[in-house]
Amino acid sequence: MANRYDLQPNEVVLIKEESVMHGGFMSAYTHELILTNLNLVLVKKGMFGNSKGILSFPVNQIKVHNQRAQAMIGKATNGTNLLEVYFLNGHEKFAFQSGGKKKINAWIAKINEAVTGEAPSDEPVSGMALPGAELVAGVMKDTLGVFKSRLGVKSGTPVKLAVKCSSCGAPVAGVQGQRVACEYCGSAQQL
Numbered sequence: 048m049a050n051r052y053d054l055q056p057n058e059v060v061l062i063k064e065e066s067v068m069h070g071g072f073m074s075a076y077t078h079e080l081i082l083t084n085l086n087l088v089l090v091k092k093g094m095f096g097n098s099k100g101i102l103s104f105p106v107n108q109i110k111v112h113n114q115r116a117q118a119m120i121g122k123a124t125n126g127t128n129l130l131e132v133y134f135l136n137g138h139e140k141f142a143f144q145s146g147g148k149k150k151i152n153a154w155i156a157k158i159n160e161a162v163t164g165e166a167p168s169d170e171p172v173s174g175m176a177l178p179g180a181e182l183v184a185g186v187m188k189d190t191l192g193v194f195k196s197r198l199g200v201k202s203g204t205p206v207k208l209a210v211k212c213s214s215c216g217a218p219v220a221g222v223q224g225q226r227v228a229c230e231y232c233g234s235a236q237q238l
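The numbering used here applies: residue 48 is where the sequence shown begins, and numbers increase by one.
If you are wondering where the hints come from, they were derived from the structure by calculation, not from laboratory data.
Some hints could be false.
[Claimed, not checked] Mimicking DSS-like on lysine-lysine, the simulated pairs with C-alpha atoms at most 27 angstroms apart in a straight line are:
#, residue 1, residue 2
1, K91, K110
2, K140, K150
3, K122, K157
4, K91, K149
When you get a sec, could you build the whole thing from the sequences and use the hints?
Right under this line is the structure:
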């Protein structure tokens with residue numbers, strides 16, 4: 048039996064993952080899942096890497112609703128997150144050994160790209176984020192930074208200062224909070 052998938056001349060790999068479980072979930076995470084621009088391919092492998100066959104699902108057979116491919120996050124009875132893909136004639140379920148929802152969302156985005164031709168957006172597929180949340184978070188971070196600097200709270204990045212020596216008035220430079228010596232009179236001071 049074949050243990051690898053040979054690409055057609057007009058076919059390219061979009062994403063692939065090893066350690067995948069398929070279907071009934073009585074098997075281990077031994078399979079490999081490959082998404083190309085033409086097919087969703089499952090290379091079935093046994094516990095010791097021996098070939099168990101190849102299943103190929105054409106991406107043009109994946110259902111579409113509201114310009115989105117019908118690929119979504121599901122849950123197994125044991126609570127494991129699943130990638131569920133709905134085809135014109137049935138559906139398939141896949142679980143990844145690692146990566147969780149983030150990895151499944153990456154697969155959903157790539158499947159949607161392969162089916163609809165639209166590049167994935169930066170929005171999470173799960174719909175968990177509120178519209179504009181990223182903008183609000185950025186504004187809050189900037190505001191907090193201003194408060195910290197006004198209150199003298201040290202942040203992770205050093206602040207460079209240039210002041211006059213308290214003894215002779217010569218320029219002294221360094222990092223805020225650092226103890227420096229004046230080059231002219233030698234007096235020590237903290238910036």
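Comparing the hints with the structure gives:
1. K91 x K110: Holds, at about 24 angstroms.
2. K140 x K150: 14 angstroms, holds
3. K122 x K157: 20 angstroms, holds
4. K91 x K149: With Cα atoms ~24 angstroms apart, K91 and K149 stay inside 27 angstroms; holds.
Of the numbered hints listed earlier, not one is contradicted by the structure.
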